[in-house]
Amino acid sequence: MIGSFVASYGYLAVFAGTLLEGETILIAAGFAAHRGLLDLPIVILVAMFGGTLGDQLAFVLGRWKGDVLIERFPALAMHKPRVHELLERHAILFILTVRFLYGLRIAGPVLLGSSRVPMLHFAILNLIGAGLWASVVSGAGYLFGQAINALITDLKHIEEAVLIAILLGGGLVWFWRKARSHARGSPDIE
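Here the numbering used here = 1-based position in the sequence shown + 329.
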C-alpha cells in the first residue's frame, strides 16, 4: 500500500517538497529509488526543477520586496551581513552552494534578490546549484538505502557468528566449571 502510494505521488511530493526546504523529502525519495519505487534520474530532475523554481521565486521576492522583508523579519536581517560578505568574497561559489548552507536555504535567495546580483546570472547559477544539490541529497538517500540493505545482510552473518560465539562461550564455561569441580573433588555443578 505504501509502495503504491509512493509510486503514484512520489514525484509530486518531491516537487512540492523541494520548492521550499526539501532535504528530508529528497533523502526519502533517494531511498525510495533504491527500493525501486521511484527512478533516481527522474527524482533528481524533479528536485532540480522544484529547487530552482523555489529559489528563483525567493530571489524575485527579494528583488521586489527585499527591504520590506528584511525590516519585517529579523532572521533575514541577521543573515544579511554574512550573505553580503560571502557574495563579495566568493560570488559564484556562494550562489552555487547557498542551498547547502545551514540557515540560508530560504534566506539566501531572498537576500541575493535584494542585492545587485543580476537575475540571469542568479538563474543560471541557481539551476546548476539545484542540479548539484538534487544529485547529492537524493544520492545520499540512495546510498542510505544501500547501506541499510548491506546492514541487514551483515546482520544475518553477524547473527550466525553471535549464535556460534554464545554456544562456544557456553560450552567453554561448562567445560571450565566441570574441570574445576573435578580438580577440587567436589560434585558437578550443573
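Quick caveat, the hints were computed from the structure, so don't treat them as lab data.
Keep in mind it's a predicted model, so treat the numbers as computed, not measured.
Possibly wrong hints are sitting among the right ones.
[Unchecked claim] Computed list of lysine to any residue pairs in SDA-like fashion (alpha-carbon distance at most 25 Å, straight line):
#: 1; residue 1: K394; residue 2: L449
#: 2; residue 1: K394; residue 2: L374
#: 3; residue 1: K394; residue 2: L416
Enumerate the violated hints, using their earlier numbering and listing them in ascending order. Going through the list in order, the structure violates hint 2 alone and respects the others.
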